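Asker: Each chain is listed here by its residues.
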Amino acid sequence: MTTNRPNVIEVRNLVKKFGDFIANDNLTFDVKQGEIFGFLGANGAGKTTAMKILCGLQAPTSGDIKVAGFDVYHQTNKIKQNIGYMSQRFSLYEDLTVKQNFQFYGGIYGLSGKQIKERTEYFLNKLELSHVANKILKEIPLGWKQKLAFSVAVLHHPKIVFLDEPTGGVDPITRRQFWEMIYEAANEGITVFVTTHYMDEAEYCERVCIMVDGRIEAMDTPSALKNKYEVTSMNEVFIRLARAQSTEQ
Amino acid sequence: MNQKSVVLENVSKSYESVKALTEVSVSIEKGELFGFIGPDGAGKTTLFRILSTLLNPDSGFATVEGFNTITDYKSIRKIVGYMPGKFSLYQDLTVEENLKFFASIYKTTIEENYHLVSDIYRHIEPFKHRKAGKLSGGMKQKLALSCALIHKPEVLFLDEPTTGVDAVSRMEFWEMLKKLQVQGITILVSTPYMDEAALCDRVALMQKGHFMTINTPQAIIDEFPMKIFGVKSNRMFDLLIDLQSIPSTEDVYRFGDVVHFLNNETGFDMNVIYRVLKQKGHAEIVVHQVMPTIEDSFMLNMKKADHFNAVMQ
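Which chain is which? The protein sequence lines are A and B, in order.
No gaps in the numbering here: position 203 of the first sequence is 204 in my numbering, and each next residue is one more.
No gaps in the numbering here: position 139 of the second sequence is 153 in my numbering, and each next residue is one more.
One thing to keep in mind: the hints can contain errors.
Under 7 Å between C-beta atoms, here's a sample of chain A residues computed to sit facing chain B [what the hints assert, rightly or not]:
#1 A43
#2 T49
#3 K67
#4 G70
#5 D72
#6 V171
#7 D172
#8 P173
#9 R177
#10 F179
#11 A243
Pairs of lysine to aspartate or glutamate, DMTMM-like flavour, derived with a Cα cap of 25 Å [said to hold, decoys possible]:
#12 B:K148 - A:E166
#13 B:K33 - A:E140
#14 B:K148 - A:D26
#15 B:K148 - B:E168
#16 B:K145 - A:D96
#17 B:K246 - A:E207
#18 A:K127 - B:D133
#19 A:K127 - B:D320
#20 A:K160 - A:E140
#21 A:K229 - B:D271
#22 B:K100 - A:D96
#23 A:K33 - B:D271
#24 B:K246 - A:D96
#25 A:K139 - B:D54
The hints are simulated quantities; they were obtained by calculation from the structure and are not laboratory data.
All values reported here derive from a predicted model rather than from experimental measurement.
A virtual CB, placed ideally from N, CA and C, is assigned to each residue, including glycine.
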């Protein structure tokens, strides 16, 4: 199913050093159009650094890296126009209304007033949240905010959306609704690059990559990884790989 | 009465229009490892702030080791250790300076209570001259726990100590808590991770300022009112919709690499699942009855509460 789709992320020999410290040690991988790609690893394994590089926020030390067809050294503005981003910590402006957040991000991504209006209505209807359109963000529940933040991140129909622990602290029902939104976006051809500490969510990814100490320790479909390590859950795969390295420096 | 370590009696707390806690009550035994399980916004932090005497309830009362949180707050502060959800140590002080500081404000020394923190502190001791702000997430967590323990508290309040922490570090953290419990410390811990509930003696499942249920993890699982079937097929994405067509279906949702199918018909025959799925063109169908988890119970409780609220409105 994935084989005929073009690559939207191509990473060859990505290295990122901070002084003597090697945060990303020769990473090589591709992510395909419409793929849900889980990016896992222990705290400090180098996930955030790699994600920053892929978003065009930080230059790598070396390596050939293309995101949405653009290179991460010279075409970072092009990259930013073609991606969406959301995280648990930073998502929307708390002092703006729901509608104003849509307008603000739509404007940043260069959508016309008409497009913004249409897309806003489309998402609010879909989420059944039209009644909070004029509410200030800080007045609405976290679960709703996270769903709105995801909608805003894909408002401009980016090629790739980066999700950094999008479901942290969210209740189990909302967490599953959030993943339904992820599947829908992927079905529309948007590539989803997601990090999470919930190992059941790793099972929902098409492929996962597990980083340990700056290196890619494993990368495959969840079922192939479970077969390989002869375990029944991704949690066990993760613990097997990450625990060996867990003596912190 | 003396057996109780922490008591909450009809405690309510609101911030302007938001009800953070609504008439919550619980008694926690001495030496118990008690978990408050719930998502952001459940009221966990408010509860810890009340117990650690940083916030007064609007109504109801709370006691810690027999001391009232309003009238006896000074006594409580001497005997509790509090690790807030947000890293709150001095970033510009070194690891050792932070620990010394906390020891000295409680009029003790690192040496006097070293045995209590040694298991945790020895992991970070090699970096004792590093500034706290420069530590990794896992090391900050260990330092914060050491600082909360250095005055030998009788009760420990840990507000989301494992949030944002990877699965391996979370496991190690819980191993540390188990060791502390053996030393007789009462531990109250909050977490949004449902799987951590199983590691507590008892838990309160919390949502929107209410305790939905309070019990041992095993009892919560035993009380689950229906059977759960874990279902797999070659078309996982269609399973959710196709299973809904079975009569008396209570709920269908993804659960890791299977779909959980809940049916409330007594004596439900799981061959029905095979038959319906085959009809709808599924292959490689696997159905097993599975044990409910705390997460299943949490979701069922949430739906009951939402239904109740909808009816009340």
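Asker: Please verify that hint: A43 (chain A), Cβ, nearest Cβ of chain B, below 7 Å or not.
Answerer: holds, 4 Å
Asker: Taking 25 Å as the top limit, are the C-alpha atoms of K229 (chain A) and D271 (chain B) close enough?
Answerer: Distance of about 16 Å is within 25 Å: holds.
Asker: K148 (chain B) and E168 (chain B): Cα distance at most 25 Å?
Answerer: Between K148 (chain B) and E168 (chain B) the Cα gap is close to 30 Å, so the pair fails against 25 Å, i.e. violated.
Asker: Given the proposed pairing of K139 (chain A) with D54 (chain B), does the C-alpha separation stay at or below 25 Å?
Answerer: Between K139 (chain A) and D54 (chain B) the Cα gap is close to 13 Å, so the pair holds against 25 Å.
Asker: Take a quick look at whether K33 (chain A) and D271 (chain B) sit within 25 Å of each other, Cα to Cα.
Answerer: holds, 22 Å
Asker: Can we keep the V171 (chain A) interface hint, with Cβ of chain B closer than 7 Å?
Answerer: This hint holds: V171 (chain A) lies near chain B, its Cβ roughly 6 Å from the closest one there, short of 7 Å.
Asker: Just to be careful: measuring from the Cβ of R177 (chain A) to every Cβ in chain B, is the smallest value less than 7 Å?
Answerer: Holds - the Cβ of R177 (chain A) comes within 7 Å of chain B, reaching about 5 Å at its closest.
Asker: Would you mind confirming whether the straight-line C-alpha gap from K145 (chain B) to D96 (chain A) stays at or under 25 Å?
Answerer: The given pair, whose Cα atoms are some 34 Å apart, is violated under the 25 Å limit.
Asker: For the hint on D172 (chain A), does the least C-beta distance to chain B fall short of 7 Å?
Answerer: It holds, given that the least Cβ distance between D172 (chain A) and chain B is near 4 Å, below 7 Å.
Asker: Let me know if the C-beta of A243 (chain A) comes in closer than 7 Å to any C-beta of chain B, holds or violated.
Answerer: holds, 4 Å
Asker: Given the hint that K33 (chain B) pairs with E140 (chain A), does the C-alpha gap stay at or below 25 Å?
Answerer: At roughly 12 Å apart (the allowed maximum being 25 Å), E140 (chain A) and K33 (chain B) satisfy the hint.
Asker: Does D26 (chain A) lie within 25 Å of K148 (chain B) when you go C-alpha to C-alpha?
Answerer: holds, 22 Å
The structure does not agree with the numbered hints 2, 3, 4, 5, 10, 15, 16, 18, 20 and 24 stated previously, though it agrees with the rest.
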